[in-house]
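> Quick note, the sequences are listed as chains H and F, same order. Heads up: the first sequence runs through residues 188 to 601, numbered per this note's numbering. Heads up: the second sequence runs through residues 188 to 601, numbered per this note's numbering.
Just so you know, these hints were derived from the structure itself, not from any lab. Certain hints may be false.
Same chains, same names: a pair is fine if it fits in one copy or spans any two.
Unchecked claim - Distance condition first, Cα-Cα at most 35 Å in a straight line; then the derived DSBU-like pairs of lysine-lysine:
id: 1; residue 1: Lys260; residue 2: Lys364
id: 2; residue 1: Lys265; residue 2: Lys352
id: 3; residue 1: Lys299; residue 2: Lys540
id: 4; residue 1: Lys260; residue 2: Lys594
id: 5; residue 1: Lys594; residue 2: Lys531
id: 6; residue 1: Lys260; residue 2: Lys451
id: 7; residue 1: Lys409; residue 2: Lys594
id: 8; residue 1: Lys257; residue 2: Lys594
id: 9; residue 1: Lys352; residue 2: Lys594
id: 10; residue 1: Lys531; residue 2: Lys409
id: 11; residue 1: Lys531; residue 2: Lys265
id: 12; residue 1: Lys594; residue 2: Lys224
id: 13; residue 1: Lys265; residue 2: Lys594
id: 14; residue 1: Lys364; residue 2: Lys224
id: 15; residue 1: Lys531; residue 2: Lys260
id: 16; residue 1: Lys451; residue 2: Lys352
id: 17; residue 1: Lys364; residue 2: Lys257
id: 18; residue 1: Lys257; residue 2: Lys531
id: 19; residue 1: Lys531; residue 2: Lys299
id: 20; residue 1: Lys540; residue 2: Lys594
id: 21; residue 1: Lys531; residue 2: Lys352
id: 22; residue 1: Lys265; residue 2: Lys327
id: 23; residue 1: Lys257; residue 2: Lys451
id: 24; residue 1: Lys451; residue 2: Lys299
id: 25; residue 1: Lys531; residue 2: Lys364
Please read all numbers here as calculations on a predicted model, not as lab measurements.
There are 2 protein chains.
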Amino acid sequence: MQLQQEAGYEYIEGGVCAAAGFLANGCHCGLDSNPQKNDLGMIYSERLCNAAAVYTTNLVKGAPILVTQKNLKASEGKARAVIVNSKNANTCNADGEEKAWNMCELAAEQLKITPEEVIVASTGVIGQALPIEPIALHIKDLAAGLSQEHHTQAAEAIMTTDTIKKEVAVSFILGGKTCRLGGMAKGSGMIHPNMATTLNFITTDAAVSAKMLQQALREVVKVTYNCLSVDGDMSTNDMVCVLANGIAGNDEVAAEGESYETFKRALYLVLLHLTKMLARDGEGATKLIECTCTEAPDLDTAITAAKSVISSSLVKSAMFGADANCGRILCALGYCGAQLDVSKVDVELASAKGSILVCGGGNGLAFSEEQAAEILGEEELEIRINLHQGNVTAKAWGCDLTYDYVKINADYRS
Amino acid sequence: MQLQQEAGYEYIEGGVCAAAGFLANGCHCGLDSNPQKNDLGMIYSERLCNAAAVYTTNLVKGAPILVTQKNLKASEGKARAVIVNSKNANTCNADGEEKAWNMCELAAEQLKITPEEVIVASTGVIGQALPIEPIALHIKDLAAGLSQEHHTQAAEAIMTTDTIKKEVAVSFILGGKTCRLGGMAKGSGMIHPNMATTLNFITTDAAVSAKMLQQALREVVKVTYNCLSVDGDMSTNDMVCVLANGIAGNDEVAAEGESYETFKRALYLVLLHLTKMLARDGEGATKLIECTCTEAPDLDTAITAAKSVISSSLVKSAMFGADANCGRILCALGYCGAQLDVSKVDVELASAKGSILVCGGGNGLAFSEEQAAEILGEEELEIRINLHQGNVTAKAWGCDLTYDYVKINADYRS
Chain H
188 MQLQQEAGYE
198 YIEGGVCAAA
208 GFLANGCHCG
218 LDSNPQKNDL
228 GMIYSERLCN
238 AAAVYTTNLV
248 KGAPILVTQK
258 NLKASEGKAR
268 AVIVNSKNAN
278 TCNADGEEKA
288 WNMCELAAEQ
298 LKITPEEVIV
308 ASTGVIGQAL
318 PIEPIALHIK
328 DLAAGLSQEH
338 HTQAAEAIMT
348 TDTIKKEVAV
358 SFILGGKTCR
368 LGGMAKGSGM
378 IHPNMATTLN
388 FITTDAAVSA
398 KMLQQALREV
408 VKVTYNCLSV
418 DGDMSTNDMV
428 CVLANGIAGN
438 DEVAAEGESY
448 ETFKRALYLV
458 LLHLTKMLAR
468 DGEGATKLIE
478 CTCTEAPDLD
488 TAITAAKSVI
498 SSSLVKSAMF
508 GADANCGRIL
518 CALGYCGAQL
528 DVSKVDVELA
538 SAKGSILVCG
548 GGNGLAFSEE
558 QAAEILGEEE
568 LEIRINLHQG
578 NVTAKAWGCD
588 LTYDYVKINA
598 DYRS
Chain F
188 MQLQQEAGYE
198 YIEGGVCAAA
208 GFLANGCHCG
218 LDSNPQKNDL
228 GMIYSERLCN
238 AAAVYTTNLV
248 KGAPILVTQK
258 NLKASEGKAR
268 AVIVNSKNAN
278 TCNADGEEKA
288 WNMCELAAEQ
298 LKITPEEVIV
308 ASTGVIGQAL
318 PIEPIALHIK
328 DLAAGLSQEH
338 HTQAAEAIMT
348 TDTIKKEVAV
358 SFILGGKTCR
368 LGGMAKGSGM
378 IHPNMATTLN
388 FITTDAAVSA
398 KMLQQALREV
408 VKVTYNCLSV
418 DGDMSTNDMV
428 CVLANGIAGN
438 DEVAAEGESY
448 ETFKRALYLV
458 LLHLTKMLAR
468 DGEGATKLIE
478 CTCTEAPDLD
488 TAITAAKSVI
498 SSSLVKSAMF
508 GADANCGRIL
518 CALGYCGAQL
528 DVSKVDVELA
538 SAKGSILVCG
548 GGNGLAFSEE
558 QAAEILGEEE
568 LEIRINLHQG
578 NVTAKAWGCD
588 LTYDYVKINA
598 DYRS
C-alpha cells in the first residue's frame, strides 16, 4: 500500500520505537494456543509522557478501558508504559477491572513506576475470564527484553485475526528540532469506530502539552479512524492513545498555531496509513475501498455520506465481485441520514486501471461493463462521490465483503 | 415455519385473493431473461378500495413510489389496482416517473379505471432504464387472465432473489361478518426497513376507513417489518400497501375500539408471518434469527436493542457457525444507541432443542459448548435478551450471514 508523500515529512522505520526514548517488547505468555504467536506486549518511555486517549463509545466497555481512564485521571494525564494482551478482551467479566489493575501492577513493579502510570489494553474474545497467571509468569522477561529493536514483537503481540503487522512512523521538524512520531495498530473485524478504534498506540518524542495532544488526537481521529468500517460492529475495547515524551527538545506545543499544525499533520499521516492498513486487512478482505466524497456542504455530511457507502454490505459484496453496481452506492447515500439532494450526485469508480463515470445527476449512466470490470479488478479501489452541493471533501475507508469474512467469523472462538 | 395460532383468527389459502372481490395474475413479459420466471403482476379489486401505504424513508426513492404517492393524493386515498414488475427497480433513471406513469395508464386502460386508481411498484436493479415495451405487449393478456386462483402467479411475479413465494391470509369476524385479510411480499436482500419494507401488498374485504387503515398499518409495521433486517441496506423501493374494499359488509371501522383492535390484530398476524418469511428467506440465509428483548423501559428501547443484535454481522456470522458467542451480542447491545444499563443484562439462546443462559448480569457465564452447539444447530433460533429495566417486550427478525449472501451479491446484476 502506498504511503501518502508530503513535503516536510519523511517515513522512517521503527514503529512505536521510532521516537527517541521509547522501548518495546512482545512475547508469547500462553493466552494464545499457538506457541509461535506473541500475545503480550509492552511499551516503555524513558521519560514521563503527556498522554492523550480516545475510547470506544460502546456502552459495553472493556475493563481495561475503565482502568486506563481511571489511571489517566489519577496521574493527571501522564503515563510511562503500556501493557497489552491479545486473545482475551477481558470484557464482560465480573473480575475484569481487578485483573486489568493486576496487569498495571505487574508492569509497574518491573518498570519501577506507579501502576497509575500504566495504560492497559486487551483484545480478543469477550466474556471469558482472563487468566492472569501467564501474564504474571512472563512479565519479568518481557520487561527485561525491552529494546528499541523490539517494536515488531510488540506489534505482533496485539494481532488477533490480523494477517499483517501494522506499523508506520514519520520524522519532521518542529521548532527547529527533528521529531519522530510512530505507531502500531491491531484490528481486522468488529471495526466501526466512533471516537476511536481498535487498539492503537502512538508514540512521539515531540514536546506537546496534554491539552493540545488530546485536541490533535480528537481532530485527527475524526477524519481517519472514525471514517473506517470493516463490518459495522463497534468494538467494546477500542482505544487510540498517544504518548509524547518531549525528548526531541522542541519548545512545547501548547497552543494552536504553526507548530501545532505541523505536529497534527504528522499525527494525521501516521493515523491515515494505519487506517488504510486496517481497512485493507479487514477480515477476509481482498480489496481496500476508499470512498471520497467531494463538494459536500460540510465535513459531517461528507463523512456521513462516504462512511455509509463503504459500510454497505451490498456495495462491499459488489466490489468483491468487481460489479459496477451504482444503484447500491446511490441507495447507501440515500439512507445515510444526511440531508442530501440526491438528484445532483455524480459517482465515479476508479483504480490504478483508470476511472469510469457510472452515475450523473442522480441517474445511472450507460458505461462499458468491460472497462468497469477491469477497473474494479484491482486491489485498491476508489469510489468518488461528487455531491455538487458545497466545497468540503472527506474520505472513508473500508474493504470488500467476502466468503472468508463469513468463514473467519462463523467460528472465531475456537 | 410455524404460524402463530390465535383464537378468533383462522389461516386460510388465497394470498392476495383470499379477501372477497380481489383478483390477481402474473406473467412473464420479458424483463427477466429466464422465460420461466414471472416478472409482471397485477391485483384488481371489483370495488373501489380505501388504500393505505407506507414507503421507504431512503432519500433515493424509486420513481414508482413517487408516482404512487401522487396517485393516492389525486384519488384521495382510493385505489382499485396494483401493477408491479420485478427485475428492474425503475429507480435513478431520468425517465423513471414517466415510465411508472405509463405502467399506470396501461393497466388502467385494460381495467377501465383511471390511472390515478393504480398503485405502481417495481423491484430489481437500480439505475438501468426500464423498457416499457414488454409491459405494453403483455398487459392485455395479464388483465384478461385475472382470477381468484392466480394469486400465486402474482406472488411469483414480484420475486427477485427470493427462493420461496411469500403469501399468507387469515379470516376473522368483524361486527358479525366474516372478513378476510391476506397478502404477499417479496424481499430477500437490501432489507433494513424504516417505516416500510420491500414490496408488500395486502388486501382485505373488511370495511375500514382510510384514516384507520393508515393508522393500523403504521402501528403494525412498527413492530413487524420495521423490526426486520437482512443486511442493513434500506431499499429505495420499499412499500407496504393495504387495499380494503369493504365487500364483507361489516360496519366500517372508523374509530379506535374493539373492531379496530380485531382488524389490527389480523393485519399484525399477516405482516408478522410475512416478516418472518422475509427474514428466513434472506439472501443466502440458512437460519431464521428472532431476538426477543424483554423487561425494557419502553417500546423504542426494546426495538432498538433487538434490532441491533439481529443486524450485527458478527452475531449473524456466529449464528451461521452455531457459535454461542455472547460477547458479540453484548457488544451489539452496547452500541445500539439506546441508554441501557448493560450490567443488568441476561442473554439466553434458544431453539426447538432447548435453551441455555450464556450471560448473566452483563457478564459471560460458563456453559456447555456441546449443548449450545446443539441448540444453535437448528434452523430457527431465538436470542432472548432480558434487560431487567422495565416491563416492555419487542421482537426483531433477521437471518445468519453466509457464504451464499456474498456469492449472491458479488454479481447480482448479471
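> Run every hint past the structure and note whether it holds.
Checked hints:
In this homomeric assembly, lysine 260 and lysine 364 come within 35 Å of each other (Cα to Cα) only inside a single copy, at 31 Å, whereas the closest approach across copies is 71 Å. Proximity of lysine 265 to lysine 352 under the C-alpha cut-off of 35 Å is restricted to the intra-copy arrangement: shortest distance 27 Å within a copy versus 63 Å between copies. Taking the shortest Cα distances, lysine 299 and lysine 540 never come within 35 Å of each other, neither inside one copy (55 Å) nor across copies (55 Å). In this assembly of identical chains, lysine 260 and lysine 594 lie within 35 Å of each other by CA distance neither inside one copy nor across copies; the values are 41 Å within and 49 Å between.
Taking identical chains as interchangeable, the C-alpha atoms of lysine 594 and lysine 531 lie at most 35 Å apart only when they sit on different chains, with a minimum of 32 Å there against 39 Å within one chain. Taking the shortest Cα distances, lysine 260 and lysine 451 sit within 35 Å of each other inside one copy (24 Å), while across copies they are farther apart (55 Å). Proximity of lysine 409 and lysine 594 under a CA criterion of 35 Å is satisfied in both settings, with 31 Å inside one chain copy and 34 Å between copies. Proximity of lysine 257 and lysine 594 under a CA criterion of 35 Å is satisfied in neither setting, with 38 Å inside one chain copy and 47 Å between copies.
Taking the shortest alpha-carbon separations for lysine 352 and lysine 594, both the intra-copy value of 21 Å and the inter-copy value of 29 Å come in at or below 35 Å. Both within a single protomer and between protomers do lysine 531 and lysine 409 lie at most 35 Å apart by alpha-carbon distance, with minima of 26 Å and 32 Å respectively. For the homomeric pair lysine 531 and lysine 265, the shortest alpha-carbon distance between copies (34 Å) is at most 35 Å, but the shortest distance inside one copy (49 Å) is not. Within a single copy, lysine 594 and lysine 224 get their C-alpha atoms as close as 21 Å, and across copies as close as 33 Å, so both meet the 35 Å cut-off.
With identical chains, the CA atoms of lysine 265 and lysine 594 are never at most 35 Å apart, being 42 Å at best within one copy and 50 Å at best between copies. In this assembly of identical chains, lysine 364 and lysine 224 lie within 35 Å of each other by CA distance neither inside one copy nor across copies; the values are 38 Å within and 72 Å between. Taking identical chains as interchangeable, the C-alpha atoms of lysine 531 and lysine 260 lie at most 35 Å apart only when they sit on different chains, with a minimum of 27 Å there against 48 Å within one chain. With identical chains, the CA atoms of lysine 451 and lysine 352 are at most 35 Å apart within one copy only, with a shortest distance of 24 Å there and 57 Å across copies.
In this assembly of identical chains, the alpha carbons of lysine 364 and lysine 257 lie at most 35 Å apart only when taken from the same copy (34 Å versus 68 Å across copies). Taking CA atoms no more than 35 Å apart as the test, lysine 257 paired with lysine 531 passes between copies only; the shortest distance there is 22 Å, against 49 Å inside one copy. Proximity of lysine 531 to lysine 299 under the C-alpha cut-off of 35 Å is found in neither arrangement, the shortest distances being 62 Å within a copy and 39 Å between copies. Taking the shortest Cα distances, lysine 540 and lysine 594 sit within 35 Å of each other both inside one copy (30 Å) and across copies (25 Å).
In this assembly of identical chains, the alpha carbons of lysine 531 and lysine 352 never lie at most 35 Å apart, being 41 Å within a copy and 37 Å across copies at closest. In this assembly of identical chains, lysine 265 and lysine 327 lie within 35 Å of each other by CA distance solely inside one copy; the values are 23 Å within and 79 Å between copies. Taking the shortest alpha-carbon separations for lysine 257 and lysine 451, only the intra-copy value of 26 Å comes in at or below 35 Å, while the best inter-copy value is 52 Å. Proximity of lysine 451 and lysine 299 under a CA criterion of 35 Å is satisfied intra-copy only: 32 Å inside one chain copy versus 70 Å between copies.
In the homo-oligomer, the alpha carbons of lysine 531 and lysine 364 never lie at most 35 Å apart, since the shortest distance is 48 Å inside one protomer and 53 Å across protomers.
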